[in-house]
Amino acid sequence: MTRWSLLVTLATVAAPSAVGAAEPPAKATPEQVEFFEKKVRPILADNCYSCHGPKKQNGGLRLDTATGLKTGADDGAVIVPGDPAKSRLLKSVRYENDFKMPPKKQLPAEAIAVLTEWVKGGAAAPEDAAAGAVAADPKSHWAFKPIKNPPVPQVADAATPIDAFVLAKLTEAKLAPAPLADRRTLIRRAYLDLIGLPPTAAEVEAFEKDADPRAWEKVIDHLLASPQYGQRWGRYWLDLARYADTKGYVFNEDRNYPFAYTYRDYVIRSLNEDKPYDQFVTEQLAADRLNLGDDKRPLAALGFLTLGRRFLGNTHDIIDDRIDVVTRGLMGLSVGCARCHDHKFDPIPATDYYSLYGIFASTSEPKDLPLIGEVKRTPEVAAFEAEVAKREGDYKAELQKRYTATLKKLRDPAAVSDYLRAVIELRKTPDAQVGNAVRERDLLPFVFNRWKAFLAPQFKGWSPVYGPLLALADLSDKVFAETAVEVVAALAKDPKTPVNPLVLKAVTDAKPATFKAAVEALSAVLTAKPPEGAPSRDQAEVFKVWAAGGPLDIAVTDFDKIQNRADRDALTAAQKKIDSFKATNPFAPPRAHVLADKSSPFQSYVFLRGNPGNRGPSVPLQPPAITNPARKPFTDGSGRLELARAIVNPENPLTARVLVNRVWAGHFGHGFVRTPSDFGVRSDSPSHPELLDWLATQFMQDGWSLKKLHKLMMTSTAYQRSSVTSAEAFKLDTDNKLLSHQNRRRLDFEAMRDSLLATSGKIDLALEGRPVDLFKAPFTTRRSVYGLIDRTNFPGTMRAFDVASPDTHSPQRFQTTAPQQALFLMNSPFLAEQAKALAARPEVAAAKTPEEKVTALYRVALSRNPTKAELALALEFVAEDDPKAAFGAWPQVAQTLLLCNEFVFID
Amino acid sequence: MTFPHYSRREMLTRCGAGMGALGLAQLLGTSGQLTAHAKGADGLNPLAPKKPHFPAKAKHVIHIFANGGPSQVDTFDPKPALEKYAGKPLPAANLKTERRTGAAFPSPFKFQKYGQSGLEVSEIFAHTAKHIDDICVIRSMHADVPNHEPSFLLMNCGEPRQIRPSVGSWVTYGLGTENQNLPGFVAMCPGGFPLQEAQNWQAGFLPGIFQGSYVDTRNTDVEKLVEFVKNKTAPGPAQRKQLDLLAKLNAAHQAERPNDPQLEARIQSFELAYRMQSEASEAFDVSREPKHVLEAYGPGDQARSLLLARRLVERGVRFVQLSHGPVQPWDSHDDLEKEHRRLAGQVDKAIAALISDLKRLGLFEETLIIWGGEFGRTPVVELPTPGSNAGKVNGRDHNHWGFTVWMAGGGVKGGQAVGATDEFGFKAVENPVHVHDLHATILWLLGFDHEKFTYRYAGRDFRLTDVKGNVVKQVLA
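Residue numbers (the numbering used here), protein chains in the order written: chain A, 373 to 1279; chain B, 120 to 596.
Any given hint might turn out to be false.
What follows is a set of in silico ranges between Cβ atoms, one per label pair, in the way DEER data are often shown [unchecked claim]:
no.: 1; chain 1: A; residue 1: 1150; chain 2: B; residue 2: 593; range: 55 to 63 Å
no.: 2; chain 1: B; residue 1: 512; chain 2: A; residue 2: 421; range: 31 to 39 Å
no.: 3; chain 1: A; residue 1: 428; chain 2: B; residue 2: 174; range: 54 to 62 Å
Derived coverage of chain B by chain A (criterion: at least 3 residues anywhere in the stretch with Cβ under 8 Å from a Cβ of chain A; other residues may be distant) [as the list claims (entries may be wrong)]:
no.: 4; stretch: 164 to 171
no.: 5; stretch: 275 to 289
no.: 6; stretch: 310 to 318
no.: 7; stretch: 322 to 329
no.: 8; stretch: 350 to 358
no.: 9; stretch: 402 to 410
no.: 10; stretch: 567 to 580
If you're looking for bench data, these hints aren't it; they were derived computationally from the structure.
Each residue gets a CB set at the ideal place from its N, CA and C atoms; glycine is no exception.
Full structure from sequences and hints, please.
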């Protein structure tokens, strides 16, 4: 009784509180919850959880969650609510069946009474906090249901279907929409959104004056047709493709992906061409399986899969990363959990994970990457090729030198003796232990196995060369010296066990005192220089050991299996010289980091608890059931092409929704679903589910055209509303989920840097090319999307400005405000350079009066004229200009305009 | 095509949601967000100080990372039994480590008892040993594999290969930092990067702001320590004047755009940066210390780094990690006696000075000091590997089966040894403490229940300790 009271007391303190959990289910009343928490859970926690709780689930039974209590053990339910007599749990605690629980000591009667009372009362338990939002059947989760084409609500004053959906919700919430933004705000918004660069003052004024009813549409069309569009939106795609120019941490090899940039250029080009999204996706998964015609550049699309981290060469992790970029990136589905166990919330069983695993395990990366462009025969290219050939020659020479030296050692009598002895002495050792024994003897498993394979047939019958050794192997050390020669001589006399005369002579001459010495004597015979001319029969018998494919004939292609650390390091270094040269030489012709299907697909199976050595059931290669309910096992090679088709199949409930949500976020600051790469059951529910489906339908009907989708969104009134937030909207809908107004957005790092360069007049808008270091002086003026992304040492400035980490797929960027950002803007030489250049622009420098100069600065930096107050402030600032100062007041004013909130926020 | 933009509130919610039911309320509570959304920059700053799950003594961490793997039997885990077998095989077969190993190799160093506790410490840490009564020596550490790369990541990020936030990032995410004018998490390594480079202090899937700021403490020039900390074009009053102009322009802009906390946050960030310029310059300038303090720490990169660590912690920096040097300096496969003596000699006096100094400043009780490598070394000698080490047969191989980490300060019960290795110091046998357990304990000392301290990413709540880890209660005061 004392123990029991103590339990209850503890429980009132320790029982998890239901506060903060999702709504309790209708069936568990607050009283029931209290009863469970105060009385039932303590008993279970103290007596059952250690074997049936979060860490262990013996017999598949878990008693610490409502779900576990309900579903029971592997063989079915253990509780029948309301019926203690039928509840196996109660029989067990009463010790009335074979499963007497807890096994060590029966529960006190009071505890059993409590459990009985609880079952009688319906066995109610509070809903699991974590699973609170889970629908009864995950398949009924909205995102897994087919995309419908919902009817457009009838709303007066709705300019477009999008507005009808948005206004319907606003009316319902009694929230007034904001007015339209003015034209200056609008055009700036459109420019920064679509191309990541601000309009000039002249462009703003032209739009302000344009009376054409199609004026807005013309701006959008103009921007979508600009190559700068792909440079802006391509970057978003690179975020989700976890793009980088390097492999991350590697041991000794070159860390660059020499041709990663061809993938980046492919993405930008595809967007500019408005390549249909379904084709875009298909190429990125399986371009090698498509009929591309003469233009092989789309092969670079496979960088989507290949350009991830290398995880110290761990294949399983590399595949996991590829599965992740495909599932989260394209379908908003996180399947990583299913690597170790069925997904806890989403309907992704481990079998689905390993179906995908099998697809990627059935592919390999060819060492020679294909050329994807025409190679111009310029002297530079010829010089490049000559240098590569020279370095490859160095590599081959190094390889040959080391191979020859290694082979010489393995053919040395001492080595031959070691292996022979090992095979004979370990012939009775269980297979499982042989590997370790070989390593302990400091022998190479590869060579040992060849000796073993060579000797196996010899040991089956009688071998005149090796037979005598077997006989000697059984002699004890004590008698060895005295009897070894006799034994061999005796064998030789017996016609059933002839001994090769060369072997007989060697043993007789050597008078071996130990078995080791006997083996050494034989090894000397085997490795003696073969005679010139035709060998005698005896000699031929001995020198069989040299035959092709035999233990002493190891091809150079097998050198990786016999090299030591120094060899490996030297060869890696030689390879690195080739790779780094290719990666950094501007004349290396472009290639694609491709994948190819292996000749036979991997027969995939579940790795139980994620452990490759723990084999579970076999699984076919196929897409996850939830994405393609009508799936069939793939039959074409690795199945990558079929996987791509399954992903862009219009019946797939996720692909179009996920993409539309991402594009919407690009125009409105956030998507309908605010977890853009997780549409699973624990994700945020969409703010406008019908609109999302309507847009997804339109998108597919429009031939998966991204440019049409942009235009569809941007021509809505919702997009064109002012971002000024009314107090009412701020109060009722702080996060603006209902879109009563536009969201003010801060430029990301790339758009900010590009805008700075555009404003200073220095920007280089060129397309394509090798990555450039953005942070090394003299500073490049290329657009930020061409900046080098080094995965291992990601530039601090990029990190400070929340540029997507290239480590794994990035669902969306964080947006932090930190003083390190301000330090870069205030103090970096890059900013100083842009400020100076801005102050020295012709339109500024040409201004005659300080007033005109300020006005010119404002027009360039902010695409407008200064107000009177602003003019006064600037004039006051420059009034004290010290003409001798290195940096002067004018560049300071210019820099101030580049730093101000107006410059970096999109209204 | 992800477009950025978590709203500030989302950001807070996201961080908060991972911290259990209490987290959000605390985050919003401390920042005043719950009641006055637009109150100011503090509420928008992810580095603003936050309370942990429960009150704790430790508020700062200094991790002295002896990268490369110091030998336990030569430092804090004396094994006289090795003498008996010197030059001979141990009675049981050697455990498998990275390379081949041979006979028992007794420590070339003398051990001596110190303090009230009488714990034995090697002569190469004689200065540190004077504080032994404040130190808790965990002698039963173990890790997963005998290789540097995965073990570095396991020790620093709790996972050997995949992308996970580092311990310092988790701590800074959970607690914010006390001085907004300095980075919250500083990762030092004099002369270059340790093995695995920036991954050792990565933010992983946490926002980049929680990543460690790398500082090459071989530099003495503050500008090389903190990027862009000085204005070279128009510094001083000219810059102040410029920032005043900026503030006026921004104020006018903001007046027309009410109800948007992002604008205010960015305005404040410039003022923060302005103060950071002077404060960081001052904090990173070790030469401002009085002569007797400089002398107490002694000369060299290690000493300067440790003194810098103290200056930073004193100013409210949350987490400082100091790697000994580039790559893996403690990796004494050969010449162990010479190398370990040299390496310990570089830090021993400074560690002792650091402890005294923190005590003098009243900071010892709120600073958790952790010393140790990614694993230890074998008590047996390493045999030459073809084409690899010099084959001097006077060093030790990596050893993940058993090694030593010690802790001191904030909430740690000093003057005790926790757990034990076997008779020869090969394997942790008594109260084994895995790296996950160490992490669980560190978090506990800082006020976090490691099982509830989570971050939602890719549909899952991630923890520093994954699904493992137990708090080592014996460590706690």
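Unmet hints by their number, sorted upward, for this structure: Of the numbered hints given earlier, those the structure breaks are 2, 3 and 9, listed in rising order.
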